[in-house]
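Sequence lines, in order, name chains A and B.
Reading the first sequence from the start, the letters are residues 15 to 212 in the numbering used here.
Reading the second sequence from the start, the letters are residues 15 to 212 in the numbering used here.
Among the clues, some could well be false.
Where chains are identical, the list cannot tell them apart; a pair therefore holds if satisfied intra-copy or between any two copies.
To be verified - For lysine-lysine, the following DSS-like pairs were computed, each having C-alpha atoms within a straight-line distance of at most 25 Å:
id, residue 1, residue 2
1, K54, K204
2, K110, K143
3, K23, K52
4, K176, K71
5, K95, K143
6, K54, K64
7, K146, K16
8, K71, K52
9, K171, K64
10, K204, K143
11, K103, K204
12, K204, K172
13, K71, K54
14, K70, K52
Source of the hints: derived by calculation from the structure; they are not laboratory data.
Number of protein chains: 2
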Amino acid sequence: MKFPDSLEKLIESFTMYPGIGPKTAERLALHTVTKASKEKVFALSDNLRKVVSEIKKCQVCGSITDLDVCLICSDEDRENKIMVVDNSKDVIAFEKTNIYKGKYHVLNGLISPLGGVGPEDINLSSLFKRVKEENITEVIAALPSDIAGEMTTLYIKKILEKEDCTIYRIGYGLPVGADIEYADEITLRKALEGIKEM
Amino acid sequence: MKFPDSLEKLIESFTMYPGIGPKTAERLALHTVTKASKEKVFALSDNLRKVVSEIKKCQVCGSITDLDVCLICSDEDRENKIMVVDNSKDVIAFEKTNIYKGKYHVLNGLISPLGGVGPEDINLSSLFKRVKEENITEVIAALPSDIAGEMTTLYIKKILEKEDCTIYRIGYGLPVGADIEYADEITLRKALEGIKEM
């Protein structure tokens, strides 16, 4: 005894997403057939098709866009420095701060030997090419402070040290609004390393 | 600064599911464009369209099926009793036990005055009609033991008491494999009410 064929196939389809196991997939599929409006399901179906054909990676920075070159890369007023981030979400997050006016480079992954991800598997070689071709003298690594982020940052530093280019990293420390008592030890250590005169 | 239009629309589409908020929807949409294979995304898109056109509710019991009358309802060897459940998943769960050989009735919801769900909003009237027309003399309420399940069970009992029909409920108690020390008080009370001679 199973669900009808087409429903079983939909359940199977949903499990392609990380974090969606068989139980969640079943719940989503059942919501699709019992509760969701036809219009919304058709819209989801259409939107899935549309992103696959319309969304691509920017030829310059690797961020997702529906253009050949994304709006940031084609903006000539951007300062001549590059912030290196893991994914396109990070670009949007930094843009919302309205502070950084430079360019970006999206790696779409981080070096992780345990996960089988080497430097050649992420969008790195084009970063090194850009630094030379665009005469970039400032690169800011804005990667997570976990092992993969740390390895990737060090790799970038090692390669770019040979160039006429200063490498920075973003400041780590206590997030705004967080309680000191709940912060982990490494965050607190970073916060102490980042002590500044007021 | 936002994602490209088609991606924003996909994010919006994913939030139609309960339990999927803006953050999860964003994660799913980004996986769709950066990591998932085109084939899998197209398959998901097609399967969504397919279930909407193929899956309907059984005209007799209300369970989801791709036929007019589901396989269980059209099985003439089924015993002449009805087990009332909340949704089609429950039918599959009971069928897997291979113990119950009767028919089912799927409410597709539970009475919940706070949630604005009345008896007329769920698949109840057809249950009462079936009891008369199919000469059912045994109805088993297999609904959750929370407030909504309890209200629905009592409502069914009140209506069917007038008919020549015995109403049962499934046994509540300690789940197999569970530790007594971790069981909640109501479950333990149910377990004591259900004490049986060995």
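Results of checking the hints against the structure:
1. For the identical chains of this complex, K54 and K204 are neighbours neither inside a copy (46 Å) nor across copies (42 Å), given an alpha-carbon limit of 25 Å.
2. In this homomeric assembly, K110 and K143 never come within 25 Å of each other (Cα to Cα): the closest approach is 28 Å inside a single copy and 60 Å across copies.
3. Taking CA atoms no more than 25 Å apart as the test, K23 paired with K52 passes in both settings, with 18 Å inside one copy and 16 Å between copies.
4. Taking the shortest Cα distances, K176 and K71 never come within 25 Å of each other, neither inside one copy (28 Å) nor across copies (68 Å).
5. Taking CA atoms no more than 25 Å apart as the test, K95 paired with K143 passes inside one copy only; the shortest distance there is 14 Å, against 74 Å between copies.
6. In the homo-oligomer, the alpha carbons of K54 and K64 lie at most 25 Å apart both inside one protomer (15 Å) and across protomers (14 Å), since each shortest distance falls under that limit.
7. Taking CA atoms no more than 25 Å apart as the test, K146 paired with K16 passes in neither setting, with 59 Å inside one copy and 29 Å between copies.
8. In this homomeric assembly, K71 and K52 come within 25 Å of each other (Cα to Cα) only across copies, at 15 Å, whereas the closest approach inside a single copy is 32 Å.
9. With identical chains, the CA atoms of K171 and K64 are never at most 25 Å apart, being 38 Å at best within one copy and 51 Å at best between copies.
10. Proximity of K204 and K143 under a CA criterion of 25 Å is satisfied in neither setting, with 32 Å inside one chain copy and 70 Å between copies.
11. For the identical chains of this complex, K103 and K204 are intra-copy neighbours only, at 24 Å inside a copy versus 50 Å across copies, given an alpha-carbon limit of 25 Å.
12. In this homomeric assembly, K204 and K172 come within 25 Å of each other (Cα to Cα) only inside a single copy, at 22 Å, whereas the closest approach across copies is 66 Å.
13. Taking the shortest Cα distances, K71 and K54 sit within 25 Å of each other only across copies (19 Å), while inside one copy they are farther apart (28 Å).
14. For the identical chains of this complex, K70 and K52 are inter-copy neighbours only, at 12 Å across copies versus 29 Å inside a copy, given an alpha-carbon limit of 25 Å.
Hints 1, 2, 4, 7, 9 and 10 from the earlier list are contradicted by this structure; the remaining hints agree with it.
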